[in-house]
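Those protein sequence lines, which keep their order, are chains G and U.
Residue numbers are given in numbering that gives the first Met the number 0: position 191 of the first sequence equals residue 190, and the series is strictly consecutive.
Residue numbers are given in numbering that gives the first Met the number 0: position 45 of the second sequence equals residue 44, and the series is strictly consecutive.
Fair warning: there could be bad hints in the mix.
Stated by the list, open to error - Partial pick of chain U residues on the chain G-facing surface, computed with a CB cut under 7 Å: (1) T12; (2) I17; (3) P21; (4) V24; (5) G28; (6) A41; (7) D45; (8) F49; (9) F52; (10) P55; (11) C57; (12) A59; (13) T60; (14) K69; (15) L71; (16) S73.
Claimed, not checked - DSSO-like, lysine-lysine: derived pairs with alpha carbons at most 27 Å apart: (17) G:K78 x G:K128; (18) U:K69 x G:K90; (19) G:K71 x U:K69; (20) G:K128 x G:K71; (21) G:K173 x U:K3.
If you're looking for bench data, these hints aren't it; they were derived computationally from the structure.
The beta carbon of each residue, even a glycine, is placed where N, CA and C say it ideally should be.
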Amino acid sequence: MLSTDTTDENLVRQAGAGDRRAAAALIRRHSPKLLGLATRMLNDPSEAEDVVQDTFIRVWRAAANYQPGAAKVSTWMCKIAVNLCLDRLRKTRPGDLDSAPEIQDESATPHESLEVEQRSRIVNAAMIKLPERQRAALSLCYFQELTNIEAADILEVSVDALESLLARGRRGLKSLLEDARTDLMMSTPQGRSAGSRP
Amino acid sequence: MMDKTRFLNLLETYGATIERWPEDVRVSGRLFLETADSEVLARLDDERAFDAFLAPACSATDVSMSLEEKLLSSAPLPSSASGRVRKGFSFPSWAAPRWVSALMVGGCLVGGAGAGYASTAVEVRNMAADDMMYFASTGSNDLIDTLEEEASE
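Chain G extracted, bound-state conformation (with noise of 0.2 Å):
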């Protein structure tokens, strides 16, 4: 019987033997979060699900012989999938920050939920145009939500290094971004009031 908090360990365990049940469970519990870092990483929907199909392949191939180790499942999983990201923007890459789409001002529609929406494809869409390891290390501290040492450890660097990443990745999203959030500001009552303040 799989309950919510059968730990990722005894699901591998169990989906390496077979059990239906617990490779689904695995699969709800993970794909999503995947599914945010491949999208992130690599901002096409459509690759970003051959990556997760990719990474659960990996998984089912290694879970037979599953021995828990120092890294978590979750951990695990993110650095297959991150890999895959790699593999794929390395094979694609060069020149092509330029297709990479231009970040739009889409901070006028009306509806709430509209605009979180915009607002995730603008940051996605400014994410795309940071170097890739910089945009890995966000990825991973700041959306997954990884510790330091788990992200450092999946971009196989130094936790100094990795902050070095996550600042100058952070800048940059920042520079990048800087446009769409004025504009997102003077679009709301709040930021209009403030902007014509003396």
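With chain G held as given, fit chain U onto it using these hints.
This is chain U only, laid out in the frame that chain G set:
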């Protein structure tokens, strides 16, 4: 030791939410904040606003039913605990033996029908030849022509 430089560095690296900072600097970060000057507080506000702007992009992405099904269909089967993993479409495990049986039965039926048809054709041709021999011996050319036509069809 937490000082202004270290605090601003952590702020720039991890953002304004101290809960997101590395565990070993959270307490000293909070303590430092209690006596922080206006420059630090202004930078904190700035980073907090940026965090709020990024927040919508932090939510987990919805996984479609079709992707979930694809992921599940690639999971190991009970009989393949040694790690055989399938990619793409495959018959479910319970269906495989039935498919094999159905193919065998179908093959037998097609083969049997073919053999039956072939033997019938040979038999008809032999009977026609016998008839021709019989009528030839009786000298009836009209009947021989008719039988030749039938046989050639």
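Hint by hint, work out which the structure violates, then give me just those numbers in ascending order. Checked against the structure, the hints that fail are numbers 2, 4, 5, 6, 7 and 20, while the rest are satisfied.
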